[in-house]
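Participant: Note that our numbering numbers the sequence shown so that position 307 is 307, with each residue one more than the last.
Since the hints were made in silico from the structure, they are not lab data. Mixed in with the good hints, there may be bad ones.
What the hints assert, rightly or not - The list that follows gives simulated cross-link-like pairs (lysine-lysine, DSS-like), each with its CA atoms no further than 25 Å apart:
#1 K218 <-> K249
#2 K338 <-> K249
#3 K253 <-> K338
Unchecked claim - Now the in silico label distances, taken between C-beta atoms and shown as ranges:
#4 R458 <-> I196: 51 to 61 Å
#5 W275 <-> K338: 37 to 47 Å
#6 G252 <-> D66: 35 to 45 Å
#7 L284 <-> D241: 38 to 48 Å
#8 K218 <-> D250: 32 to 42 Å
No residue lacks a Cβ here, since even glycine has one placed at the ideal position from N, Cα and C.
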Amino acid sequence: MTAHASAAALSDGIDPVRAAEISARIDRLPAVATIWRLVALLSIGGFFELYDLFQTAYISPGLIRDGLFATGKQSVFGFSDQAAFASATFLGASLLSPLADRFGRRAIFTFALIWYTVATVLMGIQTSALGIIGMRFLVGIGLGIELVTIDAYLSELVPKRMRSSAFAFAFFVQFLSVPAVALMSWWLVPQAPFGISGWRWVVLASAVFALFIWWLRKRLPESPRWLAQHGRFDEANRILDHLEARCAKDYGKALDAPEPVSVDVEGKGRFADIWQPPYRRRALMLIVFHIFQAIGFFGFGNWLPALLSGQGVSVTHSLMYAFIITLAYPLGPLLFVKFANRFENKWQIVGSALGAMTFGTLFALQSSAFGLIFCGVMITFCNAWLSFSYHSYQSELFPTNIRARAVGFCYSFSRLSTVFSSLLIGMFLDNFGTPGVLAFIVSSMLIVMLTIGWFGPRTRNLALENIAHR
Numbered sequence: 001m002t003a004h005a006s007a008a009a010l011s012d013g014i015d016p017v018r019a020a021e022i023s024a025r026i027d028r029l030p031a032v033a034t035i036w037r038l039v040a041l042l043s044i045g046g047f048f049e050l051y052d053l054f055q056t057a058y059i060s061p062g063l064i065r066d067g068l069f070a071t072g073k074q075s076v077f078g079f080s081d082q083a084a085f086a087s088a089t090f091l092g093a094s095l096l097s098p099l100a101d102r103f104g105r106r107a108i109f110t111f112a113l114i115w116y117t118v119a120t121v122l123m124g125i126q127t128s129a130l131g132i133i134g135m136r137f138l139v140g141i142g143l144g145i146e147l148v149t150i151d152a153y154l155s156e157l158v159p160k161r162m163r164s165s166a167f168a169f170a171f172f173v174q175f176l177s178v179p180a181v182a183l184m185s186w187w188l189v190p191q192a193p194f195g196i197s198g199w200r201w202v203v204l205a206s207a208v209f210a211l212f213i214w215w216l217r218k219r220l221p222e223s224p225r226w227l228a229q230h231g232r233f234d235e236a237n238r239i240l241d242h243l244e245a246r247c248a249k250d251y252g253k254a255l256d257a258p259e260p261v262s263v264d265v266e267g268k269g270r271f272a273d274i275w276q277p278p279y280r281r282r283a284l285m286l287i288v289f290h291i292f293q294a295i296g297f298f299g300f301g302n303w304l305p306a307l308l309s310g311q312g313v314s315v316t317h318s319l320m321y322a323f324i325i326t327l328a329y330p331l332g333p334l335l336f337v338k339f340a341n342r343f344e345n346k347w348q349i350v351g352s353a354l355g356a357m358t359f360g361t362l363f364a365l366q367s368s369a370f371g372l373i374f375c376g377v378m379i380t381f382c383n384a385w386l387s388f389s390y391h392s393y394q395s396e397l398f399p400t401n402i403r404a405r406a407v408g409f410c411y412s413f414s415r416l417s418t419v420f421s422s423l424l425i426g427m428f429l430d431n432f433g434t435p436g437v438l439a440f441i442v443s444s445m446l447i448v449m450l451t452i453g454w455f456g457p458r459t460r461n462l463a464l465e466n467i468a469h470r
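Work the whole structure out from these sequences, hints included.
Facilitator: Rendered as structure tokens:
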């Protein structure tokens, strides 16, 4: 940290010694039930976000059947309304994420939740393609803020020895939403309960669930690391005193003594800070990574029923197969909860991308139900592995005062990428079929492997502050 930055931090009431103590107290916490409960509360918050993100693939058949979605000249923008719908989801990118650095993690949860709930209800009652796509754009804004805030909060709240495992468990809980939305769509989309189209029930269900999440989130404290970086040490200490007492009770003995190390404090973060060494290189690496991982991850997940149909599977069977395949989303992170901390996140990203490439290639060659489901399950497993690994990884690479801002900015490129890749995938599917789409996905995953494998720094078992300033 420069002398100027130190002086600025101290003038804001930020004491590096006290900040170091807060960090050390968090990192010495044992992996006991209290910590896992906090991880679970954060994870449940992300459940309906992923439910909504994956909704695109499963409600589109209902929108098409109702005559709301069309293709070609009959569509709103002159191309597939399904592609426009998917694009609108991701246009609401994470560019509002600096709010979480300024106002705190907990406050932004509430703000994003209210935004999301209102926009979702409005989308569920629309009667035109334009109205649905427009509301979908607003929903995407709430989703973007929420997901980035969860990443920042989770990385700051858990001790360094369990960060990767905490993200694995978090994504196990969050990915339960994918088979949930697939099952609800398989059941409801072909029907019209009480005369209301099934796709509307699927949409409105997430808004109802969001209200339940609001009640649960009242138990979450503010991030002590964020409070320390804003000079609010008394609040941070009160939260940690309570947390340590609960952890000690679970642990059955006194906690280990904290081991403070030098911590840089920078005061209020600015966008320009992202472009200072060593963050500039990391930001550029993540931007390239996100552009191409989004093609692989959402390209398969959001278009799964269409890809199955492209392999000769009927619409009814494609939804059933898709539901079976999506069971691998929560299974992947669950299997890694005990092992995630044993490996560098960067190599987990590389390994999962390699797996997605391999099984994506095999998927294009399948024609039997077993072959399609097996390869689909393995692609989904690798995508889930990729997801929790990179969410953990990107949140480790920046300091607390710009963590949400930097992660949100870099993550927004995955949203922008998905906007354009959704259009490209629609075009590839029309002109080259499922094999063409999968070739596009496989090529993208190769770039993911090379980018992270070559440029990514190591982060395993290091304090967040040490990673940020290496």
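Participant: A separate judgement is required for each hint: does it hold in the structure or not?
Facilitator: Hint by hint, here is what the structure shows:
A threshold of 25 Å between alpha carbons decides the hint, and for K218 with K249 the separation of about 22 Å falls inside it, so the pair holds. Of the pairs offered as hints, the one joining K338 and K249 holds, with about 23 Å between alpha carbons and a cut-off of 25 Å not exceeded. Simply put, K253 and K338 have alpha-carbon atoms about 23 Å apart, close enough for the 25 Å limit, and the pair holds. At roughly 53 Å, the beta carbons of R458 and I196 sit within the given window of 51 to 61 Å.
One distance hint, 37 to 47 Å for the beta-carbon pair W275 and K338, holds here, with the actual separation near 38 Å. At about 58 Å, the CB distance of G252 to D66 disagrees with the hint of 35 to 45 Å. Judged by the Cβ atoms, the range 38 to 48 Å given for L284 and D241 holds: they are separated by roughly 41 Å. Distance hint for K218 and D250: a CB-CB separation of about 22 Å, inconsistent with the stated range 32 to 42 Å.
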